[in-house]
Amino acid sequence: MNELERLVLQQIGEDIDNPDIFTDDVVGLEPIRDSLNDAIQEIIAVTGSYHETYYIPLRANQGIYRLDISTGDFGWVQNAWLVNQKRRLEQTDFIRLNRFNPRWMESTGTPEEYFQLGNDVIGFYRFPGGEDIVKIDAVIIPKGYNESRDRIKLKDSFKWAAVNYAASEYWASRGDAQSATREFLKYLELIGMQSMHPRSGEGIRQLSSSKEPRVSGGEI
Amino acid sequence: MKYSKRLKRMRRFLRDPDGKIWESSYIKGVFNAAQRDIQHSTHVLEGVQIVSVPSRYQYSYLYDWEHGYLPTNQKAYYQAFRYSHQGRYVFQNLWEKQVRIGATGIQAENGNHYTHPWEAWAGIPAVNPPVRFPSSFDQAKFIAFDKEQINYIDKKSVQESDQSWESRSGEPFAYYRTDITENEFVLYPRNNSITWSDSDGEGAITSIAGDTVSDDTGTVVNRTATYFDQDEGIGVTFLNPTNQIFLVSEDIPADIVDDQDESDLHNFIAKYAECGALERAYGANTDGKIRSLEAYWSERFAVGMQMIERFKKNRKSDRVYQLQSDRCPQTRRHRHPRLPDTYPPVNP
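Heads up: the sequence lines are chains A and B, in that order. At position 166 of the first sequence (counting the first as 1) the number is 166 in this note's numbering, and the numbers step up by one without a gap. Take any residue in the second sequence, note its place counting from 1, add 1000, and you have its number in this note's numbering.
Honestly, I wouldn't trust all of these hints.
Claimed, not checked - Quick list of simulated restraints, FRET-style, between CB atoms:
1. A/Gln178 - B/Val1257: 33 to 41 Å
2. B/Thr1072 - A/Asn2: 25 to 33 Å
3. B/Ser1317 - A/Asp15: 20 to 28 Å
4. A/Glu3 - B/Val1257: 51 to 59 Å
5. A/Asp15 - B/Pro1071: 54 to 62 Å
Calculated directly from the structure, the hints in this document are not laboratory data. Values in this document were obtained by computation on a predicted structure and should not be read as measured data. Beta carbons are placed, not taken as given, at the ideal position from N, Cα and C, and that holds for glycine.
Model the full structure from these sequences, guided by the hints.
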């Protein structure tokens, strides 16, 4: 039983030293582990708090690569670094590329930009003219942990959020919707989800410099 | 995660481990419905495929009634020749239709007819062959053939501008669809040649060296002639669009059929389909109907939709955005060739 599991059992009123339902083994802790794993995955998908680094060898004329990540699901690229050229690659997408150059896939040379497609595909513009290596820092949504000793890929400050999530699901499985909702709202507060989509005040937002006259009626 | 595990979890939340209130088939149905709801709301599932030209069909058939006897575990079927829907007969050449009614003016037609689409490139076809979209395809976002984008064009526009549209060959720059039900499209014009990289024996091309074909559709090919595997640090497969169709599409998650199936959605996103299924189960008119739990899982599903939107936004977090006013000169980093501003001359 790891620390998070202990905290969840405390939260729901279970005896940690002598649990009668959630015994300290793989079967006994399965419901709690499932909930904690779901919480960890969701927190990382929303906050991007865990990443892994990959070195992708580029091959000449091959510009689109499907990545097979065995440790979890591919989230998104945070940084892409072209090792030989010692510079960052900018993020773009194929809509923009089509606007600037409808034959962008025929263009080969040193990659300048990268784009993500689907769940697990990354592409480069230009298609590499020769061999190189791209180092990418990618947010990975990890597979769940199975054993007590497995590493928990969660930032400490989100620990209690995961506990609230698991407690919420526990109460839901007991049929107590009120307690489940209370715990879930705490979880949302702790990961800052409630402020991620704030209601914006009505008004037209504009940018202007001090050299330009203010536009009446708008927010500056 | 296999659906069997998801089912076990959902049963735990339903407090119905033995299926005394909700049957497994019902839960599977609402789970599949929730998956589709997620995709319709968020468009999060995006397919990226290399589609081979010619399309690889698993079976050809002639009559509509034959369709019901085709193997149900495969999906790529081609209805060959021309089918008269009301007369319920099949013909190849237009003159056959005329002879049937005793007409004397025989309609000449250039080109051959074929039973499998790949045969179209073995001669000169009278009608250009179709190409299959993957079975999960819903809407196209980007299609390129041989590294150049091709755009959708409707049949009306093609017919208005080209008398030989049915058999035109050349460098494809567009595609049109015969109908949406068949999940097919036709390159316009048909590409002149294809790469017969490899074949075993004679007749239909059954394998191309270095390619793997999806058993599901028979059409989707990943080019894996060279790749890195997990032992090299990360598994990588090339998607090579040379002489093939590069397709980016909005997909529909495949329905779960078997308990060993896995959802097409990301693992953490499929969790929200569980929430949607639980909401429906608790809201269904059964002995297990509980409004408070229906509301709880409904809220979880709604929050899940927001989480997915946030996730999609995060995927663009490395973009560099620049704000400009109309007083700034516009910068063009990637210039198209263009004529000078003074050309052609502008009349006063």
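- Please write out, lowest number first, the hints stated earlier that are contradicted by the structure. 2, 3 and 4
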